[in-house]
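Chains as they are written, first to last, in the working numbering: chain A, 1 to 268; chain B, 1 to 281.
Check the hints yourself; a few may be wrong.
[Unchecked claim] Computed cross-link-like contacts, SDA-like style, restricted to lysine to any residue with a CA-CA straight-line distance of at most 25 Å:
| id | chain 1 | residue 1 | chain 2 | residue 2 |
| --- | --- | --- | --- | --- |
| 1 | A | 245 | A | 48 |
| 2 | B | 155 | A | 180 |
| 3 | A | 245 | A | 34 |
| 4 | B | 155 | A | 260 |
| 5 | A | 245 | A | 72 |
| 6 | B | 155 | A | 162 |
| 7 | B | 155 | B | 145 |
| 8 | A | 60 | A | 233 |
| 9 | B | 155 | A | 259 |
| 10 | B | 155 | A | 263 |
| 11 | B | 155 | A | 264 |
| 12 | A | 245 | A | 20 |
| 13 | A | 245 | A | 35 |
| 14 | B | 155 | A | 184 |
| 15 | A | 245 | A | 83 |
| 16 | B | 155 | A | 257 |
| 17 | A | 245 | A | 50 |
| 18 | B | 155 | A | 185 |
| 19 | B | 155 | B | 142 |
| 20 | A | 60 | A | 47 |
| 21 | B | 155 | A | 258 |
| 22 | B | 155 | B | 198 |
| 23 | B | 155 | A | 163 |
| 24 | B | 155 | A | 256 |
| 25 | A | 245 | A | 222 |
| 26 | B | 155 | A | 261 |
| 27 | B | 155 | B | 144 |
| 28 | B | 155 | A | 262 |
| 29 | A | 245 | A | 25 |
| 30 | B | 155 | A | 265 |
| 31 | A | 245 | A | 150 |
| 32 | A | 60 | A | 45 |
[Unchecked claim] Covered stretches of chain A, as calculated for chain B (at least 3 residues, CB under 8 Å):
| id | stretch |
| --- | --- |
| 33 | 161 to 174 |
| 34 | 178 to 192 |
It is worth saying that the hints were derived from the structure and are not from the lab.
Heads up, the beta-carbon is just placed ideally off N, CA and C, and yes, glycines get one too.
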Amino acid sequence: MSLIESLPRLRKWRIPRADGLVQWIVPLVILLVWQSACVGGLVPARVLPAPTDVALAGWKLLLSGELARNVWVSFWRAGAGFVIGGGIGFAFGLANGLSQLSNRLTDTTLQMVRNIPHLALIPLVILWFGIDESAKLFLVALGVFFPIYLNTLHGIRTVDPQLIEMGRIYGMTDGELFRRVIFPGALPSIFVGVRFALGIMWLTLIVAETIAASSGLGYMAMQAREFMQIDIVVLSILIYALLGKLADSASRALERLTLSWHPAFQKH
Amino acid sequence: MQQALRFPLPDSEPPDRADFIGQARLARRGQAAPSRGLALTIRGLHKSFGDHEVLRGIDLHIPAGQFVAVVGRSGCGKSTLLRLIAGLETVDAGAVSFGEQPRPEDVRLMFQEPRLLPWARVLSNVEVGLGRDRASADAQTRAEDALVEVGLDDKRGQWPAVLSGGQKQRVALARALVSHPRVLAFDEPLGALDALTRISMQRLLERVWHDQAFTAILVTHDVSEAVALADRVLVIEDGRIAHDIDVDIPRPRRRGSADLAALEGSILRDLLQSADESFDL
Chain A
1 MSLIESLPRL RKWRIPRADG LVQWIVPLVI LLVWQSACVG GLVPARVLPA
51 PTDVALAGWK LLLSGELARN VWVSFWRAGA GFVIGGGIGF AFGLANGLSQ
101 LSNRLTDTTL QMVRNIPHLA LIPLVILWFG IDESAKLFLV ALGVFFPIYL
151 NTLHGIRTVD PQLIEMGRIY GMTDGELFRR VIFPGALPSI FVGVRFALGI
201 MWLTLIVAET IAASSGLGYM AMQAREFMQI DIVVLSILIY ALLGKLADSA
251 SRALERLTLS WHPAFQKH
Chain B
1 MQQALRFPLP DSEPPDRADF IGQARLARRG QAAPSRGLAL TIRGLHKSFG
51 DHEVLRGIDL HIPAGQFVAV VGRSGCGKST LLRLIAGLET VDAGAVSFGE
101 QPRPEDVRLM FQEPRLLPWA RVLSNVEVGL GRDRASADAQ TRAEDALVEV
151 GLDDKRGQWP AVLSGGQKQR VALARALVSH PRVLAFDEPL GALDALTRIS
201 MQRLLERVWH DQAFTAILVT HDVSEAVALA DRVLVIEDGR IAHDIDVDIP
251 RPRRRGSADL AALEGSILRD LLQSADESFD L
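With the rest of the complex left out, here is chain A (with noise of 0.2 Å):
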């Protein structure tokens, strides 16, 4: 009795207005843990150096503007490759999902390369771009392609076919039919592609910029790496953890915007 009177005080009393804060305790504590095991001496700092030694490395890389020069670089082909392999992934997935002769024409021949995993490309893709620009775009770009596509084409199948036929009764064209129907209707499984796209964009980038790379992140951990500067090279790590939660954030704000109408969305 008495416990079930106190639970609302409880509710009311427990975390004032950090929701937004939750997330963070378990990564914080992650860091109190290794902080003190590095200070500890329980791992020696030639293996693992403490999040300080991690945090001095980076300022000075960044004073020395190395830092986010690295960062931009890998950002801007992480971005592009984005736009162009889902820009073409959402093209085909639109068209499959739209037209029959579409889809007999494209889906086997795009459902084949789909199983080739698309990092064994890389030797084929350094001899013929060689390791400028266009060699990791292209292999961001066929990394992103496949969940957009995937997931696109899924969406737009799996539009309710009682309201189109509801939109059809009530005379809408098919550009009509398109924007107020089919695209909303498809675009749950639309951001589904986008969020799987972009865990794939990170992981292609940082096999492609350590392989064959002069500079982003990748190559700036690599060469870490032959001068054994380890801090460096954790912090890569690091950033990649960051830019990577930073996009995930940034569709599921984007999700939040576009999907206010699905119960999913609603007052959380």
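Dock chain B against the given chain A, drawing on the hints supplied.
What follows is chain B alone, placed relative to chain A:
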């Protein structure tokens, strides 16, 4: 006595209900104001899906403004008949013709499911019903008027996901009404609603039919709904009209009255009898 018969309805009734009852009392059958509705003539209508012949020669004339209910067992072809009238299917043989050539906005169909666009707010869902007039300047006013008609003008800015089943179906009704159709076909629009919401929706249908004077064709499983609402009940069996019954009971009709119950009973007997015959086969 009217008061005593009122149910505590889940959805609030529009305030002009009392007026309606007064009007309806004056407007007995045959004395109603000239109808805006379109007359409908069907001749020798056949429709098959693959090898299965769903409709086998339907001949039917519906005068302008009549409220016709179509009942029958599942798979008897009643929904197909409705979809042919609404122009959703092509006719195999025979013809469906209206008193005069209707514009696309003149014939509307309401489904069992509300079929609202979940990503459009209530008001823009209603605007969809305007057809080609969607882009016109008074589109919003007309949509608002239609929402007032079904008593949901306070929900215009809501997402469909937050509405109850009955409210969604009322938005769908507003969408069907907003173009002021002259023929309105209902494909079991109340089939998925609970009993009380159903009764208030039936009253709403009867009121808008009375106010807007369109020709109404209601397909339903529920014989009591058919006799409560319609001027005429068609029983379809095996793709043909088996019975054509006039419901000569003055409006407003009292739910559960002896006349309605007797008529409902005799129609149900017909339906059950034919069901037994088909089991014997």
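Taking the hints in turn, this is what the structure says about them:
At most 25 Å may separate the alpha-carbon atoms for a hinted pair to count; residue 245 (chain A) and residue 48 (chain A) meet this at roughly 23 Å. Only pairs whose Cα atoms come within 25 Å are accepted, and residue 155 (chain B) paired with residue 180 (chain A) is accepted, the gap being roughly 21 Å. A threshold of 25 Å between alpha carbons decides the hint, and for residue 245 (chain A) with residue 34 (chain A) the separation of about 20 Å falls inside it, so the pair holds. The suggested pairing of residue 155 (chain B) with residue 260 (chain A) holds, with an alpha-carbon distance near 17 Å, which does not exceed 25 Å.
Our distance criterion of 25 Å between C-alpha atoms is met by residue 245 (chain A) and residue 72 (chain A), whose separation comes to about 16 Å. Among the hinted pairs, residue 155 (chain B) with residue 162 (chain A) is consistent with the structure: their alpha-carbon atoms are about 24 Å apart, no more than 25 Å. A distance of roughly 13 Å separates the Cα atoms of residue 155 (chain B) and residue 145 (chain B); the hinted pair therefore holds under the 25 Å criterion. Distance hint between residue 60 (chain A) and residue 233 (chain A) is fulfilled; the C-alpha atoms sit about 14 Å from each other, no more than 25 Å.
Of the supplied pair hints, the one linking residue 155 (chain B) and residue 259 (chain A) holds, its CA atoms being roughly 19 Å apart against a limit of 25 Å. Simply put, residue 155 (chain B) and residue 263 (chain A) have alpha-carbon atoms about 17 Å apart, close enough for the 25 Å limit, and the pair holds. For the suggested pair residue 155 (chain B) and residue 264 (chain A), the alpha carbons sit about 20 Å apart, so the restraint of at most 25 Å is met. As the CA atoms of residue 245 (chain A) and residue 20 (chain A) are separated by approximately 14 Å, the hinted pair is consistent with the 25 Å bound.
Distance restraint check for residue 245 (chain A) and residue 35 (chain A): the Cα-Cα separation of roughly 22 Å lies within the 25 Å cut-off, and the hinted pair is therefore satisfied. Under the criterion of a C-alpha separation no larger than 25 Å, the hint pairing residue 155 (chain B) with residue 184 (chain A) is consistent with the structure, at around 22 Å. For the hint pairing residue 245 (chain A) with residue 83 (chain A), the CA-to-CA distance comes to about 18 Å; that is within 25 Å, so the pair holds. For the given pair, residue 155 (chain B) sits about 21 Å from residue 257 (chain A) by alpha-carbon distance, which is consistent with the 25 Å threshold.
For the suggested pair residue 245 (chain A) and residue 50 (chain A), the alpha carbons sit about 22 Å apart, so the restraint of at most 25 Å is met. Our distance criterion of 25 Å between C-alpha atoms is met by residue 155 (chain B) and residue 185 (chain A), whose separation comes to about 22 Å. Only pairs whose Cα atoms come within 25 Å are accepted, and residue 155 (chain B) paired with residue 142 (chain B) is accepted, the gap being roughly 15 Å. With a CA separation close to 21 Å, the supplied pair residue 60 (chain A) and residue 47 (chain A) stays within the 25 Å bound.
Between residue 155 (chain B) and residue 258 (chain A) the alpha-carbon distance is near 21 Å, which keeps this suggested pair within the 25 Å criterion. For a cut-off of 25 Å, the pair hint linking residue 155 (chain B) to residue 198 (chain B) stands: about 20 Å separates their Cα positions. As the CA atoms of residue 155 (chain B) and residue 163 (chain A) are separated by approximately 21 Å, the hinted pair is consistent with the 25 Å bound. Of the supplied pair hints, the one linking residue 155 (chain B) and residue 256 (chain A) holds, its CA atoms being roughly 22 Å apart against a limit of 25 Å.
For the proposed pair residue 245 (chain A) and residue 222 (chain A), the alpha carbon gap of about 22 Å is at most 25 Å, so the pair holds. A hinted pair counts as satisfied when its Cα atoms are at most 25 Å apart, and residue 155 (chain B) with residue 261 (chain A) qualifies at roughly 14 Å. Taken as a hint, the residue 155 (chain B) and residue 144 (chain B) pair is honoured in the structure, with Cα atoms around 10 Å apart against an allowance of 25 Å. In summary, the hint linking residue 155 (chain B) to residue 262 (chain A) is supported, as the alpha carbons are separated by about 17 Å, within the 25 Å threshold.
Pair hint residue 245 (chain A) plus residue 25 (chain A) holds up; C-alpha atoms about 15 Å apart against a cutoff of 25 Å. Proposed proximity of residue 155 (chain B) and residue 265 (chain A) is supported: the alpha carbons are some 19 Å apart, at most 25 Å. Straight-line distance between C-alpha atoms of residue 245 (chain A) and residue 150 (chain A) comes to about 23 Å, which keeps the hinted pair within the 25 Å bound. Using a Cα cut-off of 25 Å, the hinted pair residue 60 (chain A) and residue 45 (chain A) holds, with the two alpha carbons roughly 18 Å apart.
Counting residues of the stretch 161 to 174 of chain A whose C-beta sits closer than 8 Å to any C-beta of chain B gives 9, which meets the bar of three, so the coverage hint holds. Beta-carbon proximity to chain B at under 8 Å applies to 5 residues in the stretch 178 to 192 of chain A; the threshold of 3 is reached and the given coverage holds.
Checked against the numbered hints above, the structure breaks none of them.
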